[in-house]
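Chemist: The lines below spell out each chain.
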Amino acid sequence: MTAAVPRIRLGRVVYLGFITLVYVFLLMPLVIVVLASFNSGEFLTFPPEGFSLRWYVSFFDSESFMGSLFYSLKVAIVCTFFSTILGTTVALYVVRFSGRWREHLRLLILLPLLLPEILTAIALLFFYYNFDATMRALGLDMFVGLFRNSMVGLLIGHILITLPFVFLGISSSLYNFDMALEEAARSLGAGRFTTFRRVTLPIIKPGIIAGALLCFIISFDLFSISLLLKGIGVATLPIQLFDYVRWDYDPTAAAVATVSILITLMAIALTEKLVGLRSLRF
Amino acid sequence: MTTSTPAIEDARGQGTGSWLRDNRTLLLLLPTLGLFLAFLLFPYLNMIVMSFRNPSTSQVFAPGYTVFNYFDAIFDEDLYYLEILWDTMVFGVGTTFLCLIIGYPVAYHLARTKSRFQNLLYAFVLSPLLVGVVVRCYGWIIILANQDGLINSTLRKYGIIESFIPLMYNTFGVGLGLVHIFLPFMILPLLGAIQSIDPALEEASQSLGASRTKTMIRVVFPLSLPGVQAGTVLVFVLTISSYVIPILLGGLNVMIMPTLVVQQLLDAMLWPFGAALAFILSVTGGLAVYFYLKFTSHFMKGIA
Amino acid sequence: MTKLTINGLVKRFGDVVAVDAIHLEIDDHELVSLLGPSGCGKTTTLRCIAGFETPTAGNILFDANDVVGLDPEKRNIGMVFQNYALFPHMTVHQNLAFGLEMRGVAKTTMDERIAKVLETVQLRGLGDRYPNQLSGGQQQRVALGRALVIEPNVLLLDEPLANLDAKLREEMRFFIRHLQKRVGITTVYVTHDQAEAMVISDRIVVMFDGHIHQIGGPKDIYSRPVSREVADFIGLSNFIAARVAGKDGDGGYVLDSPLGQLRCDYADSLDDGQAVTIMVRPEAIRLEPAKPAAGTSNAIPGTVLERFFLGNIQGYRVTCEDDVMLQVQAEPWTEFSVGDSLWCVFDVERTWIIRD
Numbered sequence: 007m008t009a010a011v012p013r014i015r016l017g018r019v020v021y022l023g024f025i026t027l028v029y030v031f032l033l034m035p036l037v038i039v040v041l042a043s044f045n046s047g048e049f050l051t052f053p054p055e056g057f058s059l060r061w062y063v064s065f066f067d068s069e070s071f072m073g074s075l076f077y078s079l080k081v082a083i084v085c086t087f088f089s090t091i092l093g094t095t096v097a098l099y100v101v102r103f104s105g106r107w108r109e110h111l112r113l114l115i116l117l118p119l120l121l122p123e124i125l126t127a128i129a130l131l132f133f134y135y136n137f138d139a140t141m142r143a144l145g146l147d148m149f150v151g152l153f154r155n156s157m158v159g160l161l162i163g164h165i166l167i168t169l170p171f172v173f174l175g176i177s178s179s180l181y182n183f184d185m186a187l188e189e190a191a192r193s194l195g196a197g198r199f200t201t202f203r204r205v206t207l208p209i210i211k212p213g214i215i216a217g218a219l220l221c222f223i224i225s226f227d228l229f230s231i232s233l234l235l236k237g238i239g240v241a242t243l244p245i246q247l248f249d250y251v252r253w254d255y256d257p258t259a260a261a262v263a264t265v266s267i268l269i270t271l272m273a274i275a276l277t278e279k280l281v282g283l284r285s286l287r288f
Numbered sequence: 088m089t090t091s092t093p094a095i096e097d098a099r100g101q102g103t104g105s106w107l108r109d110n111r112t113l114l115l116l117l118p119t120l121g122l123f124l125a126f127l128l129f130p131y132l133n134m135i136v137m138s139f140r141n142p143s144t145s146q147v148f149a150p151g152y153t154v155f156n157y158f159d160a161i162f163d164e165d166l167y168y169l170e171i172l173w174d175t176m177v178f179g180v181g182t183t184f185l186c187l188i189i190g191y192p193v194a195y196h197l198a199r200t201k202s203r204f205q206n207l208l209y210a211f212v213l214s215p216l217l218v219g220v221v222v223r224c225y226g227w228i229i230i231l232a233n234q235d236g237l238i239n240s241t242l243r244k245y246g247i248i249e250s251f252i253p254l255m256y257n258t259f260g261v262g263l264g265l266v267h268i269f270l271p272f273m274i275l276p277l278l279g280a281i282q283s284i285d286p287a288l289e290e291a292s293q294s295l296g297a298s299r300t301k302t303m304i305r306v307v308f309p310l311s312l313p314g315v316q317a318g319t320v321l322v323f324v325l326t327i328s329s330y331v332i333p334i335l336l337g338g339l340n341v342m343i344m345p346t347l348v349v350q351q352l353l354d355a356m357l358w359p360f361g362a363a364l365a366f367i368l369s370v371t372g373g374l375a376v377y378f379y380l381k382f383t384s385h386f387m388k389g390i391a
Numbered sequence: 002m003t004k005l006t007i008n009g010l011v012k013r014f015g016d017v018v019a020v021d022a023i024h025l026e027i028d029d030h031e032l033v034s035l036l037g038p039s040g041c042g043k044t045t046t047l048r049c050i051a052g053f054e055t056p057t058a059g060n061i062l063f064d065a066n067d068v069v070g071l072d073p074e075k076r077n078i079g080m081v082f083q084n085y086a087l088f089p090h091m092t093v094h095q096n097l098a099f100g101l102e103m104r105g106v107a108k109t110t111m112d113e114r115i116a117k118v119l120e121t122v123q124l125r126g127l128g129d130r131y132p133n134q135l136s137g138g139q140q141q142r143v144a145l146g147r148a149l150v151i152e153p154n155v156l157l158l159d160e161p162l163a164n165l166d167a168k169l170r171e172e173m174r175f176f177i178r179h180l181q182k183r184v185g186i187t188t189v190y191v192t193h194d195q196a197e198a199m200v201i202s203d204r205i206v207v208m209f210d211g212h213i214h215q216i217g218g219p220k221d222i223y224s225r226p227v228s229r230e231v232a233d234f235i236g237l238s239n240f241i242a243a244r245v246a247g248k249d250g251d252g253g254y255v256l257d258s259p260l261g262q263l264r265c266d267y268a269d270s271l272d273d274g275q276a277v278t279i280m281v282r283p284e285a286i287r288l289e290p291a292k293p294a295a296g297t298s299n300a301i302p303g304t305v306l307e308r309f310f311l312g313n314i315q316g317y318r319v320t321c322e323d324d325v326m327l328q329v330q331a332e333p334w335t336e337f338s339v340g341d342s343l344w345c346v347f348d349v350e351r352t353w354i355i356r357d
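Residue numbers (our numbering), protein chains in the order written: chain A, 7 to 288; chain B, 88 to 391; chain C, 2 to 357.
Hints were generated in silico from the structure; no laboratory data involved.
A couple of the hints might just be wrong.
Below, computed lysine-lysine pairings styled on DSS-like, alpha-carbon distance capped at 25 Å [unchecked claim]:
id, chain 1, residue 1, chain 2, residue 2
1, A, Lys211, A, Lys80
2, B, Lys244, B, Lys381
3, B, Lys301, C, Lys168
4, B, Lys388, A, Lys279
5, C, Lys182, C, Lys117
6, C, Lys75, C, Lys4
7, C, Lys108, C, Lys168
8, A, Lys279, A, Lys211
9, C, Lys108, B, Lys301
10, B, Lys388, C, Lys220
11, C, Lys220, C, Lys4
12, C, Lys248, C, Lys168
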């Protein structure tokens, strides 16, 4: 009687080794950034010089960085709020009520995903400028500056880019929704709105939460849109970091980056805890 | 004595007599639709119009229209702009190809693994995407920097090299960064496609005598073509429109279209010309994708 | 032509023992069914034979060679999967050619063999179709053809008819049986459908919870089930708890039961006072309105609880002494009503004993 012995073959070792290398490749820059932020030396060496928090001190002391951090958070929160509401309402419409327009509407809403972010940014840049020019020509001076170089203009860009993600998440929950649940509620006497509030909404809540968190993360990290649409004198964190890193290798940037990673990881962990990471599949 | 009944629709589906009330579901659609029409479709059309405007040295554009923006771009005496367009496309194809061959085994493994680390591995693939491109580029800068980067300083410290190896501000650095940033965008669609392939098909292939490698080539890969298509198109489009990575990792040594366009917009203030360049890039990319999709659909009989 | 031997096969998944030390020998040319409810280990056993699962212990011999540890593609098996697993991106012809290509068969020979197999499975002329252009029954036959065209040592089928509708399933049973007899290949067939197993098999292996309860021909399994589970799984049964009272003169036993004294023919030896279960099939019971002649065995009085008409039989449920309920299948023209008192009569030869 022979016992089965697992065979260790060269092919399998190479295969798994390669895959491990790829995962290392994917995560290495992130790990390095975090290491550099705690490194006491100005440049990351192997082995690292020593442990220090001086770069974090430098970060929290820096007015420009802290300012941009809060600005980014502000923009991300407001963007998430509007994007989630708009994304949910439009998803409801498209899945349930749009009839033969469904595929056309889907395509329209997914356009910002399909078009390069930089092009959308450029298009909005031109549009805001022309809008101001038109307003001035019409004598409606109160509207000048409404979008161009303003937070409103920036927010609109963020909302456009993040809305498709919210839409995708919620529409997939809605596609899989068993209408019999709503029919049961109606048969028991609940009106349309009550049914929505007590039955539909709680069930699609995971999709909404996942969409909102994804929206927050994406908005926080957006670059091209923020670069072109931001106001004078303000910056989002990615822009501030970009400017700093272009000319300087000071690991204050590493501290900034690590804090950024931390915020993202917290949002991911929150998603996992509330609704499971798989909801982020799109 | 009438008893009140709950508000149910008239059995014949009759409306309430008011168009607004009957179509109140449109309220769900209109804000978003308005947003998209006003701030997406219209601005894009406006951008095309902008590319036909006259350029100006004192403001972003001058009155009047012209086609010379395009002429100047295409028929420039050094073919400078066409050369940059070509370089951009080469980066696109190269990055896409590398992402495909690196990403495919990873996607296959993740799709078929039964290990309990599956969720963790999925997070590993997803997290870089969610961290932001500037942070990831910065990580590579720390590693690759020519003078004091991790690799160069370590190799010099242990005496393996004398002066530094140029890993940044060149094609290598930019290419590495591009592959790194866009690899998850290749893995995720592939993952979805492979997961939808019935494992019994692989077993059937093996039962008929095909080794695992042969099974991958003859059965799994052809059936995953929709995912391959999606992933390659995504990575290609992202690469040719990428601004941050070439700027941070290539500086002014590596010039590609997006960098050029932003330069025209923010530095030179030649908006019409910048718009024309952007449009040329989009059309070229769009055509490339279109023909690619047509070509690959030939191989998807029986699946898609 | 291959003899298949399984020795002490054990397969564990973590804490769960899917297959618990089974022994089985399948002769050359034989078609053996692995029959049992979901989770009994039949599919796991099949997959071990195929090589898609590695046994925790035990060996599997194709003739004299232990194949445990050998890759599936090297075992020269032909396998038919439950959902057919036809390659959707290949035509029927290409699907059939696949295994032959792996074996390096020359093109002309390949085309000949494929043409012959298409003929055999009655799919002539459909070689250029794609699987999604075929009906379920046609797809199933392509799957069969693909497994047979390579002329494997062993043919393995994993519930191949499960996805077909009832009528087609019945026809396909005969089709597979005749095909197997003609080709003469050693075959293992997994199913949970007992009628299917009975029609198709030379021998049936009945499994529960990873163990083999009984191996035998269809008639054996049906008339002389070795355990209550086997009796219950195959056809309908009536069980009566009883104790052995002693031997009778004719080589059988007399047993005491709540329904009276019963007699049964039984070859093996039983001890006096041993607790056993008497089994009698519903179709073996005759219903008689009056008490039969004295000394008739076996006869039990009862009252009709329910009756139902099934077309080819008239079914009854009869309550007897001690709240025991007997299921009876009588001829379609019997006319007892609910509440009638009657006698259930069944021959000694058709009474069976299951040891507890």
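Chemist: Now tell me if each hint is right for this structure.
Modeler: Against the structure, the hints come out as follows:
1. A/Lys211 / A/Lys80: 24 Å, holds
2. B/Lys244 / B/Lys381: Status violated; Cα separation ~53 Å.
3. B/Lys301 / C/Lys168: 39 Å, violated
4. B/Lys388 / A/Lys279: Roughly 42 Å between the alpha carbons, so the hint for B/Lys388 and A/Lys279 is violated.
5. C/Lys182 / C/Lys117: 17 Å, holds
6. C/Lys75 / C/Lys4: 17 Å, holds
7. C/Lys108 / C/Lys168: At roughly 38 Å apart (the allowed maximum being 25 Å), C/Lys168 and C/Lys108 break the hint.
8. A/Lys279 / A/Lys211: 14 Å, holds
9. C/Lys108 / B/Lys301: 19 Å, holds
10. B/Lys388 / C/Lys220: 49 Å, violated
11. C/Lys220 / C/Lys4: Within the cut-off at roughly 24 Å; holds.
12. C/Lys248 / C/Lys168: 48 Å, violated
In this structure, the earlier hints numbered 2, 3, 4, 7, 10 and 12 are contradicted, and the remaining ones agree with it.
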